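Please model the complete structure; the sequences and the hints are all you need to start from.
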Amino acid sequence: MALQGEEKSAQPAALCDNRSERARELAAQGKKIIGYLCGFVPPELITAAGMVPYRITGVMGEPLVEALDYFEPNACNYVLNCFQQAIKGRYDFLDGIVIPHACDTVQRLYGLWKFWKPPAYAHFLNVPTTVSPASIRFFREELEMLKESLESFGGVEITDQRLKEALSLHNENRRLVAELYGMRKEHPPALTGGEMTRLLVAGAGIPADEFHSLLKEMLRSIGGNAGSVDEKKARVLLYGCVMDDAGLVDLIEAGGGSVVLDDTCIGTRSFGTAGDAGDDPMEALCRMYFADFLCPKVVRSCDEERFEYLVQMAREYRVKGVIGYFMAWCDPHKFDQPVLRNYLEKAGLPFLALEDDYTLSSSGAMQNRVQAFLEMLQQKD
Amino acid sequence: MSEEKSEFRKAVRSTETARSVNQILMDWYSKSLLASKEGRPVAWCMVGAPPEILKVFDLDSSWPENYGTACAARQMAVHYMQLAEGEGYSPDLCSYERNAIGYCREYLDIGGIPPDAPQGGMPWPAMLITNSTVCDPRSKGFQAFNAHYLHVPMYTMDIQMPHYGADMQDPKLKAHYLRYNIDQIWGLIRFLEEQTGTKLNEAALSEAVANSLAAQRLMWEVHELRKAVPSPMPSEDQFSCIVPMLYMAGSREAVDFFQKLHDEVRNRVENRIGVIPEEKYRILWVGIPPWFNMGIFNYLESLGAVSAMETTYYVHAPVADVDLSRPVEAIAEIGWRKASQVHTLGAELSTEGLFSPGLVLKFVREYAIDGVIFHRVLSCRAISFGQAHTARRLREELPVPVLFLESDMADPRTWSDSRIKGSISAFLDIVDTGAGKRA
Ligand code: SF4
Ligand code: SF4
Ligand code: SF4
Numbered sequence: 001m002a003l004q005g006e007e008k009s010a011q012p013a014a015l016c017d018n019r020s021e022r023a024r025e026l027a028a029q030g031k032k033i034i035g036y037l038c039g040f041v042p043p044e045l046i047t048a049a050g051m052v053p054y055r056i057t058g059v060m061g062e063p064l065v066e067a068l069d070y071f072e073p074n075a076c077n078y079v080l081n082c083f084q085q086a087i088k089g090r091y092d093f094l095d096g097i098v099i100p101h102a103c104d105t106v107q108r109l110y111g112l113w114k115f116w117k118p119p120a121y122a123h124f125l126n127v128p129t130t131v132s133p134a135s136i137r138f139f140r141e142e143l144e145m146l147k148e149s150l151e152s153f154g155g156v157e158i159t160d161q162r163l164k165e166a167l168s169l170h171n172e173n174r175r176l177v178a179e180l181y182g183m184r185k186e187h188p189p190a191l192t193g194g195e196m197t198r199l200l201v202a203g204a205g206i207p208a209d210e211f212h213s214l215l216k217e218m219l220r221s222i223g224g225n226a227g228s229v230d231e232k233k234a235r236v237l238l239y240g241c242v243m244d245d246a247g248l249v250d251l252i253e254a255g256g257g258s259v260v261l262d263d264t265c266i267g268t269r270s271f272g273t274a275g276d277a278g279d280d281p282m283e284a285l286c287r288m289y290f291a292d293f294l295c296p297k298v299v300r301s302c303d304e305e306r307f308e309y310l311v312q313m314a315r316e317y318r319v320k321g322v323i324g325y326f327m328a329w330c331d332p333h334k335f336d337q338p339v340l341r342n343y344l345e346k347a348g349l350p351f352l353a354l355e356d357d358y359t360l361s362s363s364g365a366m367q368n369r370v371q372a373f374l375e376m377l378q379q380k381d
Numbered sequence: 001m002s003e004e005k006s007e008f009r010k011a012v013r014s015t016e017t018a019r020s021v022n023q024i025l026m027d028w029y030s031k032s033l034l035a036s037k038e039g040r041p042v043a044w045c046m047v048g049a050p051p052e053i054l055k056v057f058d059l060d061s062s063w064p065e066n067y068g069t070a071c072a073a074r075q076m077a078v079h080y081m082q083l084a085e086g087e088g089y090s091p092d093l094c095s096y097e098r099n100a101i102g103y104c105r106e107y108l109d110i111g112g113i114p115p116d117a118p119q120g121g122m123p124w125p126a127m128l129i130t131n132s133t134v135c136d137p138r139s140k141g142f143q144a145f146n147a148h149y150l151h152v153p154m155y156t157m158d159i160q161m162p163h164y165g166a167d168m169q170d171p172k173l174k175a176h177y178l179r180y181n182i183d184q185i186w187g188l189i190r191f192l193e194e195q196t197g198t199k200l201n202e203a204a205l206s207e208a209v210a211n212s213l214a215a216q217r218l219m220w221e222v223h224e225l226r227k228a229v230p231s232p233m234p235s236e237d238q239f240s241c242i243v244p245m246l247y248m249a250g251s252r253e254a255v256d257f258f259q260k261l262h263d264e265v266r267n268r269v270e271n272r273i274g275v276i277p278e279e280k281y282r283i284l285w286v287g288i289p290p291w292f293n294m295g296i297f298n299y300l301e302s303l304g305a306v307s308a309m310e311t312t313y314y315v316h317a318p319v320a321d322v323d324l325s326r327p328v329e330a331i332a333e334i335g336w337r338k339a340s341q342v343h344t345l346g347a348e349l350s351t352e353g354l355f356s357p358g359l360v361l362k363f364v365r366e367y368a369i370d371g372v373i374f375h376r377v378l379s380c381r382a383i384s385f386g387q388a389h390t391a392r393r394l395r396e397e398l399p400v401p402v403l404f405l406e407s408d409m410a411d412p413r414t415w416s417d418s419r420i421k422g423s424i425s426a427f428l429d430i431v432d433t434g435a436g437k438r439a
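Heads up: the sequence lines are chains A and B, in that order. The numbering of the first sequence is my numbering, which starts it at 1 and goes up by one. The numbering of the second sequence is my numbering, which starts it at 1 and goes up by one.
Bear in mind the hints are in silico, worked out from the structure with no lab data behind them. It is possible that part of the hints are untrue.
Unchecked claim - Straight-line C-alpha distance at most 30 Å; calculated BS3-like pairs for lysine-lysine:
1) Lys147(A) / Lys117(A)
2) Lys362(B) / Lys114(A)
3) Lys114(A) / Lys174(B)
4) Lys10(B) / Lys338(B)
5) Lys10(B) / Lys174(B)
6) Lys362(B) / Lys147(A)
7) Lys117(A) / Lys31(A)
8) Lys174(B) / Lys117(A)
9) Lys147(A) / Lys172(B)
10) Lys172(B) / Lys117(A)
11) Lys10(B) / Lys147(A)
To be verified - Not close to chain B: a few residues of chain A, all C-beta gaps over 12 Å, as computed:
12) Ala14
13) Glu305
14) Gln312
Unchecked claim - Heads up, incomplete: computed chain A residues facing chain B, CB under 8 Å, no partners named:
15) Phe71
16) His101
17) Glu141
18) Ala328
Since this is a predicted model, take the numbers as computed values, not measurements. Virtual Cβ for every residue (Gly too), placed ideally from N, Cα, C.
Quick look at the structure:
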């Protein structure tokens with residue numbers, strides 16, 4: 001079969017491999033670049049302030065050396081890796097950072113980054129642990145404070161009009177991403193998981209309008225083409241925290257799987273809920289980035305039904321199994337793991353849990369386990 | 001590593017008051033077991049849930065963190081943790097939580113309290129009360145074992161504080177936080193009213209908060225007395241004394257306990273009664289202790305080193321002039337003021353300010369410390385976090401020998417006597433070269 005993938009835009013992959021290049025260019029032109037991580041920080045506010053939101057990522061596989069002089073080794077290696085990039089000066093092009101109170105480790109990153117590598121602008125966005133009317137109000141006030149601080153740093157007023165425009169631009173991107181995801185409901189899917197991951201990672205490092213063009217270009221290049229993926233590949237959902245590197249997706253796809261859906265940050269978790277700005281854009285942000293946003297750090301309920309959304313997603317995308325990617329020393333995801341496994345298995349969805357330290361260095365062993373899992377899925381029906 | 005029997009299992013405390021904690025704890029467990037037997041509800045709580053409020057509702061409680069320490073000390077924790085690991089809970093996860101998870105598993109398997117459970121066991125809870133201070137496992141762990149085994153009503157009290165660099169004097173910021181924290185405390189009260197069918201007695205809560213402040217003041221004064229040379233009270237004693245502080249705050253008994261401790265320590269200072277006859281080195285202990293091998297402190301003492309002070313469970317300077325007639329607001333205000341103290345010292349590590357590098361620097365100076373031991377507990381990131389950062393700051397600002405001991409608070413599988421002894425010996429050699437300077 002001819003690989004339509006070859007005809008698809010190569011731009012996302014190139015942008016993903018060298019993802020800070022565009023931001024550096026813009027910084028050199030005098031644009032302010034604001035780094036952020038996690039799904040609680042609305043890039044819309046940064047865009048509305050006339051600055052460029054830049055998703056902070058690590059360099060997967062890079063051994064931790066410098067970071068360990070500041071951070072304990074028994075902490076999430078993804079976060080340590082991001083910090084190492086900062087210490088090495090690779091984030092010197094950022095004018096500022098916004099770090100939320102996501103998990104413990106991300107929270108710690110704020111203080112350490114600000115202490116050892118103080119940027120011109122640093123803002124901590126606090127995030128409540130439970131969802132209630134009071135916590136939604138608290139988060140909204142946090143967003144108001146973020147807005148004010150961005151205004152004073154950027155020297156601009158974020159009017160409702162500006163914010164609505166930013167929201168509609170980001171929403172439009174969300175809509176296009178959803179369209180691309182939708183194309184993977186079909187079998188074979190129109191683009192691979194690897195392509196999708198690279199596109200999203202690339203998009204998280206460029207201005208929203210440029211991402212918009214990139215998405216359009218991707219949609220145009222796919223056109224009405226049928227999927228490029230081998231029909232026999234087992235359709236899987238990838239679950240995890242952050243997926244800022246396509247390495248694991250490639251590994252799964254090389255092993256006979258097709259990652260047609262994910263529940264990760266940068267992936268669906270950040271694109272799943274398109275907010276309607278309505279009359280109150282701050283309310284829309286509050287809903288999108290907190291009330292409806294599913295990060296396991298926020299304790300919603302103790303019912304195992306809290307994972308029902310995953311089962312629904314899996315059904316919609318006709319997924320045969322779920323692969324979970326768990327970072328060593330990650331509390332929020334690892335506490336969920338056994339209950340999640342039970343729930344998925346009860347729903348007839350086999351679950352494979354992979355543990356890693358953000359290196360994929362045990363990829364040989366991982367590959368074997370993935371392959372065995374995929375074979376089992378293929379034989380399932 | 002160690003299935004070998006460690007030589008450090010037993011610890012001897014220096015003060016009579018700390019030695020009395022064993023009995024207090026036994027009585028505490030008996031009381032909640034009795035409550036459960038008589039059909040009264042028992043809550044499982046994580047530290048951070050205000051004991052003052054539980055007390056006012058006359059609610060008996062068990063604390064999985066404390067139970068983790070009890071199981072560790074009685075060498076039962078590995079058994080429970082292995083059960084939890086068998087259920088898919090990673091060995092990375094907080095060993096207190098894993099201990100409680102394994103306990104739940106066994107309880108369900110045998111249909112009741114395991115006969116060999118330390119302290120007679122924790123009675124099955126009617127409700128869970130947790131909170132978000134300090135760490136994720138506190139809320140995530142309870143969520144997990146409630147979803148997996150318990151299926152009882154749960155309340156998570158979410159107390160938030162600003163992070164490093166915040167202006168704690170900013171009234172707008174304070175109003176933002178206090179409004180939320182007060183709501184969360186009221187949320188707990190409403191939850192308890194519903195669960196127990198009784199209304200809050202505000203006057204009784206005011207009294208409990210007053211007791212709590214009185215106990216904290218005494219505890220803080222004990223901390224101050226411990227600046228004396230030779231050290232009148234070592235860390236292993238303080239670690240026992242957290243029991244009345246963390247679980248019994250608000251009660252008259254806790255005030256009496258700390259008064260007794262205060263009198264005893266003052267007497268020791270006045271009469272120059274030290275922990276050991278010849279104190280050669282004064283150590284600052286940073287981190288949770290290894291509850292399964294508390295004898296490590298006696299081992300240090302046998303080498304002339306006394307752990308004179310510790311950062312964990314530190315009670316900050318007492319707050320005064322809080323309006324106790326509105327006790328819920330008072331609890332929130334006290335929390336804010338304590339956090340402000342930490343921000344003044346430097347709270348670059350976390351919002352809770354539980355762990356401040358500034359505090360380590362302050363203690364090194366004020367307690368005439370010759371060396372700092374950082375206990376890096378593998379399964380608790382929250383309290384280990386920041387040790388590397390703090391060590392770096394020490395190196396740059398206040399050179400003092402530093403040792404990292406890696407093990408755990410409740411998981412003895414992380415421990416090896418020979419490794420720990422080797423590190424301590426090398427460390428004390430370095431300390432020795434600088435110790436003379438103190439005098
Ligand atoms: S899931 Fe992970 S990346 Fe996403 S918000 Fe939570 S902690 Fe951050
Ligand atoms: S993998 Fe876990 S520890 Fe790391 S950032 Fe995500 S939630 Fe936090
Ligand atoms: S602070 Fe550490 S020991 Fe305590 S509950 Fe949290 S993870 Fe466990």
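Now for the hints, and whether the structure bears them out:
no.	hint	in the structure
1	Lys147(A) / Lys117(A)	holds, 23 Å
2	Lys362(B) / Lys114(A)	holds, 22 Å
3	Lys114(A) / Lys174(B)	holds, 22 Å
4	Lys10(B) / Lys338(B)	violated, 34 Å
5	Lys10(B) / Lys174(B)	violated, 46 Å
6	Lys362(B) / Lys147(A)	violated, 37 Å
7	Lys117(A) / Lys31(A)	holds, 20 Å
8	Lys174(B) / Lys117(A)	holds, 27 Å
9	Lys147(A) / Lys172(B)	holds, 15 Å
10	Lys172(B) / Lys117(A)	holds, 28 Å
11	Lys10(B) / Lys147(A)	violated, 56 Å
12	Ala14	holds, 37 Å
13	Glu305	violated, 9 Å
14	Gln312	holds, 19 Å
15	Phe71	holds, 6 Å
16	His101	holds, 7 Å
17	Glu141	holds, 5 Å
18	Ala328	holds, 6 Å
Checked against the numbered hints given earlier, the structure breaks hints 4, 5, 6, 11, 13 and satisfies all the rest.
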